[in-house]
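K.L.:
Sequence:
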Amino acid sequence: MTESGYVIIDAHVHLWEKQDGYVGKLPVRGLGNGKSTFLGGVHQMMPPYMEDNRNTAERLIANMDYAGVNACAVTQEYLDGNQNEYLLTVRAKYPGRFRITALYEDEGYVEERYKEDNVTKRTVPIVTLDGFDGVKICACRLRNKDLTAHMDVFKSVEAAGKYVSIDMADGDEQVESMQAVINACPDLRVAIGHFGMVTTPGWQKQIELAKNKKVYIESGGLTWLFHKEFYPYPSAIDAILEARDICGMDKLMWGSDYPRTMTDITYKSAVRFILDTPKMTDEEKRLFLGENAVRFYGFEGLSPLPVIDNML
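Under the working numbering, the sequence shown is numbered contiguously, ending at residue 314.
Misleading hints may appear alongside valid ones.
[Unchecked claim] Each computed PhoX-like pair below joins lysine-lysine, with the alpha-carbon atoms no more than 20 Å apart:
no.: 1; residue 1: Lys157; residue 2: Lys147
no.: 2; residue 1: Lys157; residue 2: Lys215
no.: 3; residue 1: Lys216; residue 2: Lys164
no.: 4; residue 1: Lys37; residue 2: Lys20
no.: 5; residue 1: Lys216; residue 2: Lys157
no.: 6; residue 1: Lys95; residue 2: Lys20
no.: 7; residue 1: Lys270; residue 2: Lys287
no.: 8; residue 1: Lys164; residue 2: Lys215
no.: 9; residue 1: Lys207; residue 2: Lys147
no.: 10; residue 1: Lys147; residue 2: Lys27
In case anyone wonders, no lab produced these hints; they're calculated from the structure.
Can you build the whole structure from these sequences, using the hints too?
P.N.:
Below, the structure written as structure tokens:
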């Protein structure tokens, strides 16, 4: 076995032991064999080998080892339900391989999450910092999409020296209010997810936010957004290069959106289309696949993992 030559960090993965979330008022529940209820129907939400619908750290680590991925940053989503408790156990068990975010629960999500449990309605947004590396904000799903209305949470994360992982509404809808937050919180580290929703009009405006010193862009879901084109995703590579020209390659981070994107491709393929493209230089690949994320998330002591030879 030899080394790949790259330290690789996945800046956008999901984990859960039990999927228990909502999209609007519709529940998302695991049904087995990787299928879940979603938007009123049944969808393949994860690979079928997750037959018990448990998307565990151990399964991800097996994929990471084979793909040569050193470490990852776990984000959250309302559709999976609050995974804070499970992620704390993951962080404690595998401290060198994971960074974790606490889920920011706004009023709308709290109402949906607890309505079936006869829990007293809570109207104050909830955020937890203890034990977490950052906070996830599903900005595109907030009841009040003006991000300055949530300034308290941004301020608290900045004061704690932690980071915000944020998925913004399509295009430039939230760019102005996000810039206002950045201006008010100059020391806040921000990772903008889903590559600015690159296949929607105005996505470049989100990328421009990374011209701010501590704002980065991560590519979680890039293969999903270019799914119709499929492997080796040449338009996705072109989008990375366009983003590079806007904010610099040193502000861009690779992410897979595991496990949802793994329903049609392998985890290794999510790395390989970057490794194999002739359109990016070795230095650009090195920055995009890992070095930028090492700096942003604060990983230490990493070196390229040994390649596991495929029997084929």
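K.L.:
Look at each hint and say if it fits the structure.
P.N.:
Quick rundown of the hints versus the structure:
For a cut-off of 20 Å, the pair hint linking Lys157 to Lys147 stands: about 17 Å separates their Cα positions. A C-alpha spacing of about 17 Å is found between Lys157 and Lys215, which places the hinted pair at or below 20 Å, so the restraint holds. Of the pairs offered as hints, the one joining Lys216 and Lys164 holds, with about 12 Å between alpha carbons and a cut-off of 20 Å not exceeded. Restraint check: the Cα-Cα separation between Lys37 and Lys20 comes to about 13 Å, which is no more than 20 Å; the hinted pair holds.
Between Lys216 and Lys157 the alpha-carbon distance is near 14 Å, which keeps this suggested pair within the 20 Å criterion. Restraint check: the Cα-Cα separation between Lys95 and Lys20 comes to about 18 Å, which is no more than 20 Å; the hinted pair holds. For the hint linking Lys270 to Lys287, the alpha-carbon distance of about 15 Å falls within 20 Å, and the restraint holds. Among the hinted pairs, Lys164 with Lys215 is consistent with the structure: their alpha-carbon atoms are about 15 Å apart, no more than 20 Å.
With a C-alpha separation of about 17 Å, the suggested pair Lys207 and Lys147 falls inside the 20 Å cut-off, and the hint holds. In summary, the hint linking Lys147 to Lys27 is supported, as the alpha carbons are separated by about 18 Å, within the 20 Å threshold.
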